[in-house]
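*Asks:* Take a look at the letters that make up each chain.
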Amino acid sequence: MNEESLFASGHTACAGCGATIALRLLLAAAGKNTIVCQVTGCMEVVSTGYPNTAWKVPYIHVAFENAAAVASGVDAALKAKGEREGKNIIALGGDGGTYDIGLQALSGMLERGHDVLYVCYDNEAYMNTGIQRSSATPYGASTTTSPPGKFSIGEDTPKKPLAEIVAAHRPSYVATASVGYYQDFQTKVKKALSKKGPSFILVYTPCPTGWRTPSEKTMEIAKLAVDTGYLILWEMENGDRNTLKVTKMPPKPRKPVEEYLKIQGRFRHLMNKPEELKKIQELVDAECKRYGIE
Amino acid sequence: MKITIGATVTEAGSSVRNKTGGWRNMRPVTDLAKCKRCGICIIVCPDAVISMKTREEGPKTDYDYCKGCGICANECPFKAIEMQQEER
Amino acid sequence: MAMKMVLRGNMATAYAAKLARVEVIPAYPITPSTLFPEKISEFVANGELKCQFIKCESEHSAMSACIGASATGARVATATSSQGLALMHEVVFIAAGLRLPIVMAIGNRALSAPINIWCDHQDTIAERDSGWLQFYAEKNQETLDLMLMAFKICEDHRVLLPGMVGMDAFVLTHTMECVDIPEQEEVDRFLPPYKPVYKLDVNNPMTFGAFSSPDNYMEFRYAVHMAMESAVKVIDEVFEEFEKKFGRNYQRVVPFMVEDAEVILVTIGSMTGTAREAVRLLRSKGKKVGLLKITTLRPFPKDLLKKYLKDAKVVVVLERNISLGFGGAVYPEIAAVFANAARRPKIYDFIIGLGGRDIVVEDIVKVYEIAMDALKAKKAEMVEWIGVRKDEIEVIK
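Chains as they are written, first to last, in the working numbering: chain A, 642 to 935; chain B, 121 to 208; chain C, 1167 to 1563.
Rather than coming from a laboratory, the hints here were simulated on the basis of the structure. Computed from a predicted model, the values in this text were never measured in an experiment. Treat each hint with caution, since some may be false.
[As the list claims (entries may be wrong)] What follows is a list of derived Cβ distance ranges for each label pair: (1) N879(A) <-> T130(B): 38 to 44 angstroms; (2) K173(B) <-> F792(A): 57 to 63 angstroms; (3) D1381(C) <-> K920(A): 47 to 53 angstroms; (4) F792(A) <-> V1549(C): 48 to 54 angstroms; (5) D881(A) <-> D1524(C): 57 to 63 angstroms; (6) K919(A) <-> T130(B): 52 to 58 angstroms; (7) L152(B) <-> K930(A): 45 to 51 angstroms; (8) D881(A) <-> V149(B): 49 to 55 angstroms; (9) K156(B) <-> R882(A): 39 to 45 angstroms.
Yeah, the Cβ is synthetic: ideal placement off N, Cα and C, and Gly gets one too.
Working from the sequences, and respecting the hints, build out all of it.
*Replies:* This is the structure we're talking about:
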């Protein structure tokens, strides 16, 4: 096994789990002087089954909605003890624990200016509890609480723009990333940690179990999301919107979004609905236009 | 089993006690002649099972933990990794 | 020489936090506990207290930040009340399960609905099973002293549990009383810095908050229960040391005129003073009445209750809480002390003073009379609400 990995082998995540790749990349970029505060979710359950842990850095899990608040406490305690220098504090949550139930705690942490990097690994539904929709679930996706049917095309609302909500707090650093473009992700982690004050990275992590995709396609799908413009990789520094830039341009011409959708079981029901595919393409095009992507 | 104060796990990385290799249906086999030692497989493995001590030795997969997801084979730019049916 | 100050109960707990050199205070304001974060922020603004004060966006986050800070090895305190404590509920249990000695001051207030900001013990009673030590103050001096002692008790390695100090809304939180503020040096000698057994440390990485299976969950719960049981001895030791150093006596259960008493009232919190007056009045009329005040509800003082109540004819439990569909919450616990005893007193329960309704001496005399009538009538059990206007209640048939 890879002894250098700060997230050890023997964790019980599904084969091909995108989120575990994100954790490994995150810790490799952050280094061992890092304290991780995590919400309840897949990554917590698969990594901390007593009496074992996959974590080789100090780690705390408390509850579903409060990693940002717990990290605020860790930040304050280290400051109180004069031990804050030279350490990273990373709060970690899935989309359920961040977009939904943990949004308030995240907002509080950002607004108070804690020196914490919050990383949200986004697999677009509540995977740990059995693939229920979250506010990160995209339009059209089938989940166990947004099933397609005679009166349903799947999830009926578009994905919540979380990174933009975070950007509105004007943090020291905010970015979106994809586990597929891992160098871009790791560069962003290092950049975020180099800045004082709160930072946030939303990293897109395919879930073979929840998305009904082949386990070997995780990285490929994560790249395809970017190459079709479905996921836009951008960053903003020092709370200044003039610094906003797209860090990874899709190829010209952009790949059609259908290429990304058709390899995922969660969108299969849309394949014989050209009007829905057109609608999703239009949603993607509009978003790309907002970010200056052709 | 020692019941620690507050269920604190005091041994970092002790999950290596779980040999997850038993989950595997497909086995990644690396053709070292095709492999260019780029190290991408090491980076993208969700289970941290691939390591490379020296360029001569090349990447080594630890089958005690490999779940056989196939990401390494899919991502290898040189098609040096082949997924073979696991025989039990 | 200790300094005397006229202080509201809330402020007295803020002085206790300052004297304890608390390192992190995450808080969120709620009536009637707001004076705590206000006073703490004033201390910090003036440089009188070097601590990290986190202005949280909710009580849930305040307790979560307490957990993060305590797991990092800091001494941590906060304050809340009623709805705030109810919102914390989830993480209150987690703080105990993670064995973090956080100390929290509570302004005991009624729970909604209907919303009511006045005195009632329902908020802390609802957290009775959380694994937190529970102390209740009768006066402002006790809020300060119990808060100081709570740090020492909770941080003891035989305990390692969080603790809450309850004080009655407004009756204590906002009422001015003369409070003895001990010297910092004396407190430093009494309360050394917190030494955690485990903490979040990059040089010795550990995992907090692991996932437990049916194979080990019961052991972790039993470990918390064991810690609660060892807290009994630690509390007695700390109370004794406190008396030696500061001259004020504390007991888990405080008796008053119980030696020859046939009727013993059991109280919690500020109503004790009123009950004491009622006992004096009844004694002047030749009635053999006594009083027990419960200072520590958790760990439950069953040993002392048994000792003081075993020879009484009637035990009268006065409760500012109601377990709806049953009766008061403390009543069945006292009854359980005698469940298997060959000889046991009659135990009657009285619900009184909910939502800040005044409790006066006449109410307690009335309680005594109802209890005596019930005894004569050989009533097996009784849960009586004092002063409730039952005839005004809308009933749909």
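*Asks:* Could you run down the list of hints and mark each one as holding or not?
*Replies:* So, going through the hints one by one against the coordinates:
no.: 1; hint: N879(A) <-> T130(B): 38 to 44 angstroms; in the structure: holds, 40 angstroms
no.: 2; hint: K173(B) <-> F792(A): 57 to 63 angstroms; in the structure: holds, 59 angstroms
no.: 3; hint: D1381(C) <-> K920(A): 47 to 53 angstroms; in the structure: holds, 50 angstroms
no.: 4; hint: F792(A) <-> V1549(C): 48 to 54 angstroms; in the structure: holds, 52 angstroms
no.: 5; hint: D881(A) <-> D1524(C): 57 to 63 angstroms; in the structure: holds, 59 angstroms
no.: 6; hint: K919(A) <-> T130(B): 52 to 58 angstroms; in the structure: holds, 57 angstroms
no.: 7; hint: L152(B) <-> K930(A): 45 to 51 angstroms; in the structure: holds, 48 angstroms
no.: 8; hint: D881(A) <-> V149(B): 49 to 55 angstroms; in the structure: holds, 51 angstroms
no.: 9; hint: K156(B) <-> R882(A): 39 to 45 angstroms; in the structure: holds, 42 angstroms
The structure meets every hint from the earlier list without exception.
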